[in-house]
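Whenever a hint applies, use it, and build me the whole structure from the sequences.
Residue numbers in the sequence shown follow our numbering, run continuously in steps of one, and reach 865 at the last position.
FYI, nobody ran anything at the bench for these hints, they're computed from the structure.
Listed next, the in silico DSS-like pairs over lysine-lysine satisfying Cα-Cα at most 25 angstroms (straight line):
| # | residue 1 | residue 2 |
| --- | --- | --- |
| 1 | K714 | K703 |
| 2 | K667 | K714 |
| 3 | K714 | K680 |
| 4 | K775 | K739 |
| 5 | K838 | K594 |
| 6 | K846 | K745 |
| 7 | K739 | K703 |
| 8 | K745 | K775 |
| 9 | K775 | K838 |
| 10 | K667 | K680 |
| 11 | K775 | K846 |
| 12 | K846 | K594 |
| 13 | K714 | K745 |
| 14 | K745 | K667 |
| 15 | K680 | K605 |
| 16 | K667 | K703 |
Restraint ranges, calculated between C-beta atoms of paired labels, are given here:
| # | residue 1 | residue 2 | range |
| --- | --- | --- | --- |
| 17 | P807 | T779 | 29 to 35 angstroms |
| 18 | F767 | T793 | 27 to 33 angstroms |
| 19 | A737 | A822 | 36 to 42 angstroms |
| 20 | W809 | A607 | 38 to 44 angstroms |
| 21 | W719 | E608 | 31 to 37 angstroms |
| 22 | A822 | T779 | 41 to 47 angstroms |
| 23 | H721 | D691 | 21 to 27 angstroms |
Here the structure is a predicted model, which means the values were calculated and not measured.
The beta carbon of each residue, even a glycine, is placed where N, CA and C say it ideally should be.
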Amino acid sequence: MNNKASYSFEFFPPKTAEGMANLRQVRAELVQFSPEFFSVTFGAGGSTRDRTMDTVLEIQAEGYGAAPHISCISSSKEEIRELLQAYQSKGIRRLVTLRGDIPSGEVTTGDFKYANELVSFIRKETGDWFHLEVAAYPEFHPEAGSAQKDLENFKRKMDAGADSAITQYFYNVDAYFRFVDAAQKLGVTAPIIPGIMPIYNYTQLARFSNVCGAEIPRWLRMRLEAYGDDLASLRAFGVDVVTDICAKLVQAGVDKMHFYTLNQAGMIGQIIRQL
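The following block contains the structure:
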């Protein structure tokens, strides 16, 4: 297959010096795929703010595109303004712009309730300085009242000034294609980039999926459960499953993919090479 897709990779900011050293090694392995950018997540309520920025600036200093996540829940306009100014001063030109998870026990949401409000605020404060990515949910946001309401919320974010979107991961390719079709019928013209999650272990994946609303199809769930503690076989099977998903995306003309790395490189390298 002639693989014409370009890639981006998501990291979380490490908590330890050992974690940072590991992430440097992971980046060294992933740069061979000429990524468009590396994104770095932002903890609930801004809990990783400094570590997110440190990781982003290290990636940028190595000469690669870096995109910090920025979430607005529990944040004031002044806090977001300071963050935007800090990233502008460092020459960062791309942001992954999210509502963010509400920290447990949190009562107030801060000055922003939804991601579209954050997108509007960033555009008002910084004009076209940043390329803004937002989130999309092919199987719909777990808090969505209905599929239609979720699509309308997504369009609201795009209309507020987002440049492109990255989807939650999925294992049902039709869910992605149907979501893109429905969004385009609503008038969304910006790219909707599929998010890809390698299958590292079943328990972790099931936990993530329960929280974010991504469906693990029954056939896949049962196959993964059957591997039990045999991680090597589960991962080999997972590489084949995810490679097949990526191949179907490429065959349909998708030219960008965003990998959720969990700060690991090996399986992603296998998937991209198999393409």
